[in-house]
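Visitor: Whenever a hint applies, use it, and build me the whole structure from the sequences.
Numbering (this note's numbering), first residue to last: 1 to 284.
Fair warning: there could be bad hints in the mix.
Claimed, not checked - 25 Å max Cα-Cα, derived DSS-like pairs, lysine-lysine:
(1) K59 <-> K219
(2) K99 <-> K219
(3) K142 <-> K158
(4) K142 <-> K106
(5) K99 <-> K24
(6) K59 <-> K99
(7) K219 <-> K205
(8) K59 <-> K24
(9) K255 <-> K205
(10) K106 <-> K158
(11) K28 <-> K59
(12) K205 <-> K142
(13) K158 <-> K205
FYI, nobody ran anything at the bench for these hints, they're computed from the structure.
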Amino acid sequence: MSVIFAREMGFCMGVRRAVALIEKELDKDKSGPLATYGPLIHNPQVVASYEARGVRSIKDPVEAQQGDRVVIRAHGVPGGVRRSLEERGAWIVDATCPKVALSIRKARQAEAVGRQVLLVGDAGHGEMLAVAGSLVNPASVKVIADLQDARSVSLDTKVTLIAQTTFDEEIYGQIAEIICTRVEDCRVETSICPATRSRQEAVRKLAQEVDGIVVIGGKNSANTRRLYELALSTGIPAWHVEGPDDVPPEVGELKTVGISAGASTPDESIHQTADRILELQGEK
1 MSVIFAREMG FCMGVRRAVA LIEKELDKDK SGPLATYGPL IHNPQVVASY
51 EARGVRSIKD PVEAQQGDRV VIRAHGVPGG VRRSLEERGA WIVDATCPKV
101 ALSIRKARQA EAVGRQVLLV GDAGHGEMLA VAGSLVNPAS VKVIADLQDA
151 RSVSLDTKVT LIAQTTFDEE IYGQIAEIIC TRVEDCRVET SICPATRSRQ
201 EAVRKLAQEV DGIVVIGGKN SANTRRLYEL ALSTGIPAWH VEGPDDVPPE
251 VGELKTVGIS AGASTPDESI HQTADRILEL QGEK
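Guide: Right under this line is the structure:
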């Protein structure tokens with residue numbers, strides 16, 4: 001019996017950067033209260049650990065006070081939120097993932113030359129809200145979640161597609177193909193993070209070596225959910241757990257278990273979950 005780890009998993013560059021920035025702020029003395037705008041990352045254990053260290057999470061700029069240090073999470077925020085925080089006297093610590101920042105710049109450039117911006121991803125996701133909310137006319141942005149949306153969305157004559165950085169690359173390609181057959185001037189931006197692609201490919205390869213896959217990460221994490229759905233699509237059993245306490249007993253009945261983890265899952269959670277699986281297998 002054994003546990004096999006996916007070749008790539010866990011914290012991505014953007015998340016590591018966000019965690020490093022907040023740790024740097026925590027090391028500063030007497031620099032003002034520290035808060036994050038929304039949960040720093042989509043992992044409840046990590047968020048709880050920072051709350052225990054005095055970092056509060058706010059959902060509206062009105063919750064910020066003069067002198068607060070407010071960390072903008074990796075997903076970014078709409079431009080209006082940033083301006084409101086600054087107007088209230090908050091000090092901005094920008095942890096927006098560089099990949100998300102690039103998508104924002106591309107969307108602004110497209111809008112500036114009169115192109116319709118189409119965002120491909122999860123409607124309501126923080127990253128999608130940040131990209132759309134950074135435009136002069138956010139209401140003009142259309143969000144496409146799946147192939148059906150691609151077939152039915154109303155289109156202008158010139159469109160630019162930008163995908164959520166954690167979106168499935170294969171489905172993005174299919175959506176782009178549908179859109180580009182419907183308009184003459186179609187521009188498809190390469191916006192999916194390489195870490196997303198490599199993690200998804202690692203799950204596909206892992207599925208060929210194991211009897212089942214456990215995907216570790218927050219239930220509110222879009223990229224973790226996609227890894228889980230991808231694992232299921234390979235035809236072997238798969239489970240989405242947030243940590244070792246969520247691992248179901250039936251996992252221990254498998255001879256070989258694969259482990260993957262979302263981009264917001266810390267190493268500690270990965271190793272604790274692996275230990276739990278080995279316990280269920282009778283190996284520890």
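Visitor: For a quick check of understanding: which of the numbered hints are violated here, in increasing order?
Guide: The structure conflicts with hints 12, 13, although it agrees with all the remaining ones.
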